[in-house]
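So the protein sequences, as listed, match chains A and B.
Residue 34 in the working numbering sits at position 32 of the first sequence, and the numbers go up by one each step.
Residue 145 in the working numbering sits at position 137 of the second sequence, and the numbers go up by one each step.
Accuracy of the hints is not assured; some may be wrong.
To be verified - For lysine-lysine, the following DSSO-like pairs were computed, each having C-alpha atoms within a straight-line distance of at most 30 Å:
| no. | chain 1 | residue 1 | chain 2 | residue 2 |
| --- | --- | --- | --- | --- |
| 1 | B | 72 | A | 7 |
| 2 | A | 148 | B | 72 |
| 3 | A | 95 | A | 147 |
| 4 | A | 147 | A | 8 |
| 5 | B | 278 | A | 137 |
| 6 | A | 8 | A | 69 |
| 7 | A | 147 | B | 15 |
Because the hints were derived from the structure by calculation, they are not lab data.
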Amino acid sequence: MYKVKKSPWVLHYDGSSCNGCDIEVLACLTPVYDAERFGIVNTGDPMQADILLITGGINSQNEAVVKQLYDQMPRPKVVVAVGVCACTGGIFKDCYNILGGADKVIPVDIYVPGCAARPQAIIDGIVQAVELFEKRLEKHKAYVKKEKEA
Amino acid sequence: MSSTLIKIICIVCYIVFAPFVGGLLDGIDRKISARMQRRVGPPLLQPFYDVGKLFNKQVISVTKSQGFLLLSYLLFIVLTGAMFFAGTDILLCVFVLSTAAMFLYFASCVTSSPYSTIGASRELIQMIAYEPAVLMTCVGFYLVRGSFEISSIASTKVSNIVFLPGVFVAFVFILTIKMRKSPFDISTAHHAHQEIVKGITSEMGARNLAFFTVTEWYENVFLLSMVGLFIINKNPWSIPGAFAVVALVYFVEILIDNCSARIKYFTMLKLTWVISLALAGSNIWILMLIRK
Numbered sequence: 003m004y005k006v007k008k009s010p011w012v013l014h015y016d017g018s019s020c021n022g023c024d025i026e027v028l029a030c031l032t033p034v035y036d037a038e039r040f041g042i043v044n045t046g047d048p049m050q051a052d053i054l055l056i057t058g059g060i061n062s063q064n065e066a067v068v069k070q071l072y073d074q075m076p077r078p079k080v081v082v083a084v085g086v087c088a089c090t091g092g093i094f095k096d097c098y099n100i101l102g103g104a105d106k107v108i109p110v111d112i113y114v115p116g117c118a119a120r121p122q123a124i125i126d127g128i129v130q131a132v133e134l135f136e137k138r139l140e141k142h143k144a145y146v147k148k149e150k151e152a
Numbered sequence: 009m010s011s012t013l014i015k016i017i018c019i020v021c022y023i024v025f026a027p028f029v030g031g032l033l034d035g036i037d038r039k040i041s042a043r044m045q046r047r048v049g050p051p052l053l054q055p056f057y058d059v060g061k062l063f064n065k066q067v068i069s070v071t072k073s074q075g076f077l078l079l080s081y082l083l084f085i086v087l088t089g090a091m092f093f094a095g096t097d098i099l100l101c102v103f104v105l106s107t108a109a110m111f112l113y114f115a116s117c118v119t120s121s122p123y124s125t126i127g128a129s130r131e132l133i134q135m136i137a138y139e140p141a142v143l144m145t146c147v148g149f150y151l152v153r154g155s156f157e158i159s160s161i162a163s164t165k166v167s168n169i170v171f172l173p174g175v176f177v178a179f180v181f182i183l184t185i186k187m188r189k190s191p192f193d194i195s196t197a198h199h200a201h202q203e204i205v206k207g208i209t210s211e212m213g214a215r216n217l218a219f220f221t222v223t224e225w226y227e228n229v230f231l232l233s234m235v236g237l238f239i240i241n242k243n244p245w246s247i248p249g250a251f252a253v254v255a256l257v258y259f260v261e262i263l264i265d266n267c268s269a270r271i272k273y274f275t276m277l278k279l280t281w282v283i284s285l286a287l288a289g290s291n292i293w294i295l296m297l298i299r300k
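Let the sequences and hints guide you as you build the complete structure.
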């Protein structure tokens with residue numbers, strides 16, 4: 003009875019965002035957009051999360067943090083970069099402390115552009131992430147099976 | 009012989025159906041909460057989807073003993089419920105329940121994560137807060153019926169709540185702590201962010217969290233049955249009555265959850281003890297006077 007598609011738990015990490023995208027991420031949970039109707043839960047715990055939502059670019063200080071958060075998440079997992087800063091570094095790209103988008107540190111699967119990204123776009127990004135998540139789960143299961151046999 | 013058979017049927021029914029009932033109740037909770045906040049809310053079966061997913065994820069745990077401790081937690085909660093539905097000693101049920109809570113405490117302590125440890129110590133404070141009211145409930149039943157046997161408590165002529173109104177209110181009050189509802193959700197919360205991440209469940213992921221959730225469902229069914237015990241009597245018509253009261257109590261818990269903010273642990277401790285002593289304590293005191 004696994005309906006993985008119906009239960010994506012999201013971990014939201016704020017890189018060096020201007021908080022514009024963060025407010026839009028939270029707006030997804032408000033009564034207007036109500037992301038919970040898709041089973042989306044905004045959890046604060048990487049060990050319980052399926053989807054890592056990153057807003058803002060990566061700087062030299064949070065590089066290690068993002069890596070650790072990614073490592074703490076159990077497989078299968080999907081990373082969504084929300085907002086143009088998380089995708090490429092955005093207008094902060096040339097700043098001395100910015101390394102670039104989230105994909106400089108961890109593998110990003112879905113890019114949600116926008117400054118700030120609209121809630122509709124974020125929810126669409128998560129829905130796409132869920133599709134990917136399901137595919138990865140099949141792979142993960144095959145991997146576990148293989149590991150057990152070995 | 010037939011009574012033994014009925015007991016066995018009751019136990020098996022509890023073990024098999026309690027997770028489904030508990031999960032459904034959880035789903036109803038989330039749906040009603042969402043409607044209270046003017047949202048559509050997740051599907052009714054959402055808790056089952058969540059647990060199903062958790063069982064399929066990669067297991068990461070800091071220490072291997074955590075899985076064992078959580079399984080012990082599950083086992084002892086199931087044992088509590090099974091003893092309750094077998095109609096045995098209510099005092100023993102309550103003690104086994106406390107033992108189960110202790111395993112949960114250890115399961116989150118072994119990880120040595122600061123969030124998890126703070127959550128665990130808060131869980132202990134919660135135990136200190138609710139335990140007097142739970143014990144007084146047992147004592148109240150004893151004073152009314154002259155027995156701790158649940159089968160005897162359940163077969164009264166008049167519902168126990170008539171003699172134990174104060175104890176009933178105190179028990180419903182501490183139910184808020186047991187069900188981890190606001191304003192007493194200090195060790196872990198069902199809602200999103202908390203100052204200590206996920207508190208006691210911070211280091212539980214995948215299968216371990218699934219075990220924890222299923223145990224909560226078992227526990228909720230047991231606790232709501234305790235509420236039903238106040239209503240149930242010899243008359244078979246009291247059974248639908250008990251269900252109605254349980255549903256009402258559950259709704260009140262959801263309402264309290266949605267219209268209150270989390271409070272500090274010490275306020276919780278004071279508030280709970282004052283309510284327990286004032287309502288349950290005075291109720292028991294009056295009962296003792298009448299018995300003389």
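List, from low to high, the hint numbers that the structure doesn't satisfy. Those not satisfied are hints 3, 5, 7.
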